[in-house]
Amino acid sequence: MEDDVQAGSLVDAAEARREAARPNVEGLIDWGHALYEEGRYDEAAKAFEFVLGVEDGNWRALIGRNRAIRRSVPRWHWEMLHDELRSELYDKAIRHIVSPQHLVLDVGAGSGLLSMMAARAGARQVVACEAQHPVAEVARRVISKAGHDDVITVVPKMSTRMRVPGDLPRRADVLVTETVDCALLGEGILPTITHAREHLLTDDAIILPCGGRVFAQLVESPSLYRKNHVGQLYGFDLTEFNQLSSIEYFDSRLRHHEHRMLSEPIEVFRFDFYRDTAEPRRAEFVVPPSVAGTCHAVVFWFELDLVPGLSLANSPSTPNTHWKQAIQCLPVPIHVQPDEPLLLDARHDGVNIHFTAVASGVRTLTDGAAE
1 MEDDVQAGSL
11 VDAAEARREA
21 ARPNVEGLID
31 WGHALYEEGR
41 YDEAAKAFEF
51 VLGVEDGNWR
61 ALIGRNRAIR
71 RSVPRWHWEM
81 LHDELRSELY
91 DKAIRHIVSP
101 QHLVLDVGAG
111 SGLLSMMAAR
121 AGARQVVACE
131 AQHPVAEVAR
141 RVISKAGHDD
151 VITVVPKMST
161 RMRVPGDLPR
171 RADVLVTETV
181 DCALLGEGIL
191 PTITHAREHL
201 LTDDAIILPC
211 GGRVFAQLVE
221 SPSLYRKNHV
231 GQLYGFDLTE
241 FNQLSSIEYF
251 DSRLRHHEHR
261 MLSEPIEVFR
271 FDFYRDTAEP
281 RRAEFVVPPS
291 VAGTCHAVVF
301 WFELDLVPGL
311 SLANSPSTPN
321 THWKQAIQCL
331 PVPIHVQPDE
341 PLLLDARHDG
351 VNIHFTAVAS
361 GVRTLTDGAA
371 E
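Residue numbers (full-length UniProt numbering): 1 to 371.
Worth flagging that the hints you see were computed from the coordinates, not collected in a lab.
Any given hint could turn out to be false.
[As the list claims (entries may be wrong)] Label-pair restraints from in silico Cβ distances:
1. A34 to D56: 17 to 27 Å
2. L244 to P169: 48 to 58 Å
3. K157 to Q101: 20 to 30 Å
4. R281 to F236: 34 to 44 Å
5. R171 to V351: 24 to 34 Å
6. E240 to E187: 29 to 39 Å
7. D203 to R226: 49 to 59 Å
8. T277 to D150: 35 to 45 Å
9. Q243 to Q101: 52 to 62 Å
10. E26 to D272: 51 to 61 Å
11. T202 to S223: 43 to 53 Å
12. P308 to G122: 14 to 24 Å
13. L52 to P222: 45 to 55 Å
In this text, a Cβ means the ideal position worked out from N, Cα and C, and glycines have one as well.
Please build the complete structure, drawing on both the sequences and the hints.
Have a look at this one:
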């Protein structure tokens, strides 16, 4: 009997030690939420993942991790992956340029799709660079499941922090990237490629995409203007709230808004990714309105040259692309006439494009609201 009591005491003591050593799950969850509130989403996700490793299925940790990931992984990834035209054209271009002797560098690899296309096209070595750690981890699993992990290596860092040798065994023969937004430059394709040309690529490396163009058009659309401006509403003057309006572009599908084009499209910038840098540029254009109306915004889009003779675009007339159009509302709408050309100033700082529209004698609306 005494032996049984002693054995029970030893079991209780061992259980007590295990409980004492067990992580404080609730405290870790609270810590994850605190990291989330501070905007440290990657760290928050890791805290919740640690909890799930201790207590699989913990609902608070599952929800916390998902919220943190949603903050750091944009929703457009899914829409992009379903963009069949984009994927087919990239696949065709990759098949055209990649050969077995090539070392391919994929910058902004995301799910690893373009890297796997390169491997399928015959590349014997591919390095996939993806800065978002949760995305990079998933890309590793996707690539492994596809059976390409013997060819593709995932590097979870910004390409501008990669080194040769180390992250790359040698300079790459081919660069593949799709670091573009609706206005072409917003994800940093110019500084990304400029750095890669200097530090990560051979002198005769193939760059995909090889170039691109940006087109702009004047548009009349009170609906679009209301996405960024407010005036008299409900018996109150709310125009002071326009101090918080964006002076830069936002993305929207033009076809979802009632609109009228007031000019023909013009090419405002042209880029050669083999030569151009992120150096700021500025250009001015005299734009003759094709019809009379009220200009509320400039709509702009890109044509991206993957390889010579093969391009894709997100123009308003290309409805199936996952990219929307870039919209920059004017601070104050401008009345335009065909005999009163509008001076359009276009500039970029290497990442963002901005327009200013001015014209002598042009009548402007001054109440801060769209017509």
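When the hints from earlier in the document are held up against this structure, which numbers fail?
none
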